[in-house]
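J.: What follows is the residue order along each chain.
Protein chains: 2
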Amino acid sequence: MIKKYLLAPGPTMVPEEVLLEMAKPIIHHRTSEFSNIFANVREKLKPVFGTKNDCLLLSGSGTAAMEAAVVNCFSSGDKVIVVNAGKFGKRWVEICKSYGLEVVSIDLEWGRSVKPEQVEAALIANPDAKGVFIQASETSTTAYHPIKEIGNLIKLFDSKLFIVDGITSVGVVETKMDEWGIDILVTGSQKAFMLPPGLSIIALSDKAWSFVEKSNLPKYYLSLKKERKSQSDNTTAYTPAVSLIIGLNKVLDTMMNEGLENVYGRHELCALATREAVKALGFELLAKDIPSNAATGFYLPENIDGGKFVKFLREKMGVTFAGGQDHLKGKIVRISHLGYHDIFDTLTAISALELGLKYFGYNFEVGVGVKAAEEVIFKYKVSKL
Amino acid sequence: MIKKYLLAPGPTMVPEEVLLEMAKPIIHHRTSEFSNIFANVREKLKPVFGTKNDCLLLSGSGTAAMEAAVVNCFSSGDKVIVVNAGKFGKRWVEICKSYGLEVVSIDLEWGRSVKPEQVEAALIANPDAKGVFIQASETSTTAYHPIKEIGNLIKLFDSKLFIVDGITSVGVVETKMDEWGIDILVTGSQKAFMLPPGLSIIALSDKAWSFVEKSNLPKYYLSLKKERKSQSDNTTAYTPAVSLIIGLNKVLDTMMNEGLENVYGRHELCALATREAVKALGFELLAKDIPSNAATGFYLPENIDGGKFVKFLREKMGVTFAGGQDHLKGKIVRISHLGYHDIFDTLTAISALELGLKYFGYNFEVGVGVKAAEEVIFKYKVSKL
Numbered sequence: 001m002i003k004k005y006l007l008a009p010g011p012t013m014v015p016e017e018v019l020l021e022m023a024k025p026i027i028h029h030r031t032s033e034f035s036n037i038f039a040n041v042r043e044k045l046k047p048v049f050g051t052k053n054d055c056l057l058l059s060g061s062g063t064a065a066m067e068a069a070v071v072n073c074f075s076s077g078d079k080v081i082v083v084n085a086g087k088f089g090k091r092w093v094e095i096c097k098s099y100g101l102e103v104v105s106i107d108l109e110w111g112r113s114v115k116p117e118q119v120e121a122a123l124i125a126n127p128d129a130k131g132v133f134i135q136a137s138e139t140s141t142t143a144y145h146p147i148k149e150i151g152n153l154i155k156l157f158d159s160k161l162f163i164v165d166g167i168t169s170v171g172v173v174e175t176k177m178d179e180w181g182i183d184i185l186v187t188g189s190q191k192a193f194m195l196p197p198g199l200s201i202i203a204l205s206d207k208a209w210s211f212v213e214k215s216n217l218p219k220y221y222l223s224l225k226k227e228r229k230s231q232s233d234n235t236t237a238y239t240p241a242v243s244l245i246i247g248l249n250k251v252l253d254t255m256m257n258e259g260l261e262n263v264y265g266r267h268e269l270c271a272l273a274t275r276e277a278v279k280a281l282g283f284e285l286l287a288k289d290i291p292s293n294a295a296t297g298f299y300l301p302e303n304i305d306g307g308k309f310v311k312f313l314r315e316k317m318g319v320t321f322a323g324g325q326d327h328l329k330g331k332i333v334r335i336s337h338l339g340y341h342d343i344f345d346t347l348t349a350i351s352a353l354e355l356g357l358k359y360f361g362y363n364f365e366v367g368v369g370v371k372a373a374e375e376v377i378f379k380y381k382v383s384k385l
Numbered sequence: 001m002i003k004k005y006l007l008a009p010g011p012t013m014v015p016e017e018v019l020l021e022m023a024k025p026i027i028h029h030r031t032s033e034f035s036n037i038f039a040n041v042r043e044k045l046k047p048v049f050g051t052k053n054d055c056l057l058l059s060g061s062g063t064a065a066m067e068a069a070v071v072n073c074f075s076s077g078d079k080v081i082v083v084n085a086g087k088f089g090k091r092w093v094e095i096c097k098s099y100g101l102e103v104v105s106i107d108l109e110w111g112r113s114v115k116p117e118q119v120e121a122a123l124i125a126n127p128d129a130k131g132v133f134i135q136a137s138e139t140s141t142t143a144y145h146p147i148k149e150i151g152n153l154i155k156l157f158d159s160k161l162f163i164v165d166g167i168t169s170v171g172v173v174e175t176k177m178d179e180w181g182i183d184i185l186v187t188g189s190q191k192a193f194m195l196p197p198g199l200s201i202i203a204l205s206d207k208a209w210s211f212v213e214k215s216n217l218p219k220y221y222l223s224l225k226k227e228r229k230s231q232s233d234n235t236t237a238y239t240p241a242v243s244l245i246i247g248l249n250k251v252l253d254t255m256m257n258e259g260l261e262n263v264y265g266r267h268e269l270c271a272l273a274t275r276e277a278v279k280a281l282g283f284e285l286l287a288k289d290i291p292s293n294a295a296t297g298f299y300l301p302e303n304i305d306g307g308k309f310v311k312f313l314r315e316k317m318g319v320t321f322a323g324g325q326d327h328l329k330g331k332i333v334r335i336s337h338l339g340y341h342d343i344f345d346t347l348t349a350i351s352a353l354e355l356g357l358k359y360f361g362y363n364f365e366v367g368v369g370v371k372a373a374e375e376v377i378f379k380y381k382v383s384k385l
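Heads up: the sequence lines are chains Z and P, in that order. Mapping of the first sequence onto UniProt numbering: position 81 corresponds to residue 81, and the numbering continues sequentially without gaps. Mapping of the second sequence onto UniProt numbering: position 84 corresponds to residue 84, and the numbering continues sequentially without gaps.
Honestly, the hints are just simulated from the structure, not real lab data.
Partner residues are not named here, just some residues of chain P that face chain Z (Cβ under 10 Å, in silico): (1) Lys3; (2) Glu16; (3) Thr254; (4) Met255; (5) Val368; (6) Ala373; (7) Ile377.
Computed spacing ranges between beta-carbons, pair by pair: (8) P:Ala23 to Z:His28: 20 to 30 Å; (9) Z:Lys311 to P:Thr254: 18 to 28 Å; (10) Z:Lys329 to P:Lys288: 49 to 59 Å; (11) P:Phe364 to Z:Ser32: 52 to 62 Å.
Not everything, but these chain P residues come out facing chain Z in the computed CB check (under 7 Å): (12) Phe344; (13) Leu355; (14) Leu385.
The C-beta atom is built at its ideal place from N, Cα and C for all residues, glycine as well.
Using the sequences provided together with the hints, build the complete structure.
T.: Quick look at the structure:
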């Protein structure tokens with residue numbers, strides 16, 4: 001018997017009560033019953049996005065919403081700046097290039113967070129750039145970029161949009177779209193929203209909507225103008241992912257019930273405990289500047305093959321971590337703190353990590369990781385109960 | 001958000017796939033569809049009981065099956081020997097006395113396992129005794145009694161039955177009913193069979209069935225003769241707990257799939273890891289002679305109120321342990337290893353125990369319990385993967 005622990009940065013575990021909600025008989029989407037749920041979801045998303053504007057739901061994973069951001073707000077030949085600090089930064093580059101945009105890429109070593117000054121320099125060097133694309137949390141490197149500070153910079157330019165991939169940050173850390181000057185914010189269902197994949201959410205500022213009017217890129221399924229019209233009437237342009245939206249309604253209730261501050265605090269605590277455990281075990285964090293609270297990546301010793309390590313834990317011990325992507329493949333491990341994840345998931349992650357390390361011959365004192373994690377958890381949570 | 005971890009010795013956690021099986025639309029019990037499932041369950045139970053005889057299913061919890069053992073095989077005024085070493089030994093005494101049996105009680109300090117010589121002495125002192133009642137695993141003290149050895153003793157007496165409460169031993173440790181001379185073996189659904197409570201199972205040897213013919217105690221719902229007749233035809237005398245039986249069918253498949261040896265080994269491993277952790281934390285095990293692999297009980301320091309401790313872990317941290325019963329109330333904690341429980345449940349249990357101990361001011365080095373548990377788990381499991 002192997003119990004399964006899904007501790008990779010998405011898809012994440014789904015709460016039992018949400019699974020049960022989604023397992024109820026399917027309802028039709030062109031009904032007042034669905035429209036009521038849909039209206040509720042749209043309202044409840046706003047505080048999580050930190051916006052007064054519409055949060056539009058798309059049936060598609062996070063990449064669909066990223067593409068929607070590009071094709072709805074830009075035109076062929078537009079110059080844009082992309083912070084490229086990992087696999088998902090690279091995805092912004094690829095999407096933009098696919099549609100004929102001219103990309104000025106701020107290339108960073110994987111694991112680094114961009115400095116606001118670097119963005120400022122790019123803006124100064126490229127006065128004709130129409131927007132800045134970034135990840136809030138770059139899932140491939142588990143680094144966080146200083147979104148608030150960069151947003152405050154870009155706010156000063158009427159002619160530029162600030163487009164943020166919040167796929168592993170919305171619902172993980174406080175995100176104040178309106179206040180921070182984020183013009184487009186996208187996220188997906190399978191991360192902090194603890195749902196199965198298949199649903200993404202996108203919100204646009206008034207400035208971004210003004211760009212929509214000028215965009216000449218081809219689009220049909222991802223047309224946000226059409227979605228905004230339909231969704232304002234609490235329906236969707238095309239068939240929506242009904243059960244995921246019903247699940248999201250339940251998830252948002254549980255998040256509101258827990259309190260957004262507590263949701264963010266829980267992610268922060270599990271992330272901090274994991275970072276301290278990983279350091280106590282003698283490893284170097286992948287995120288050099290600002291580690292993300294969505295997941296923690298670290299380098300394995302050179303004599304351990306990360307691919308084999310992750311496979312062993314998944315297949316033999318039931319614990320799914322993520323390995324590295326692209327040039328980090330086989331070199332790192334990433335442990336998620338996302339969504340339906342509590343302190344005992346973190347402690348399970350660290351115990352599993354220790355057992356795996358011992359199996360792979362790493363020389364360390366068994367228990368030091370868990371001890372470090374328990375001390376963080378005691379200090380910031382249990383002692384305050 | 002508080003995730004729930006049910007780590008008390010029953011009810012135990014139910015596997016998701018079993019919950020889903022039981023959530024399917026209910027079927028009628030007087031159908032060939034149900035009879036087929038019922039026939040399968042009856043066959044699959046036999047290796048777990050270690051018997052070639054019928055395993056009868058009763059809709060009622062374990063105590064119902066205990067009562068069935070008494071009322072079907074004995075008569076008013078019969079003398080019986082009861083090994084009374086905890087709350088459930090006391091239950092045998094109470095049931096027997098309720099029906100006018102004369103009880104010779106072998107009273108033991110809670111936490112002790114009976115010695116075969118003590119049973120032998122009682123048999124010699126009471127040649128007219130008709131049976132010996134015992135728990136295999138006394139859940140209230142987490143002690144195991146040497147069933148095999150006692151069975152071999154009683155085998156020598158044609159005129160006596162050996163009645164074993166296997167509620168927290170069947171499915172936990174190897175139990176060879178026929179080979180060990182057990183005449184009546186009972187168990188419940190909510191322990192090693194990882195189901196919700198409400199179903200119990202009882203098997204009788206040929207010798208026990210011959211006692212049934214002579215019993216004069218009143219019975220109706222618990223009449224085993226009537227049940228045997230119905231269940232031989234793959235139906236039940238009264239309405240059965242349909243969904244629990246369907247769940248049991250699924251559970252038995254998963255147990256066979258895992259392999260009974262592996263099921264027993266898993267319980268043994270989690271129990272051993274917990275015992276080592278508890279000892280490393282400086283505590284004394286409640287079970288003095290033979291600790292049960294179903295659960296581990298230990299004494300808390302005198303200045304920690306066990307009731308408050310268990311309540312804190314359950315309500316504030318989501319982790320349900322059991323406290324003590326009767327005179328041990330407030331003094332001990334019992335951690336289960338039963339059923340749908342794996343190494344990470346054990347490690348969660350130990351982490352939660354450590355965090356709780358620190359909260360309650362116990363002076364120890366955080367992490368020593370988990371370290372001890374991890375070392376056991378590595379030695380006996382992970383290193384062999």
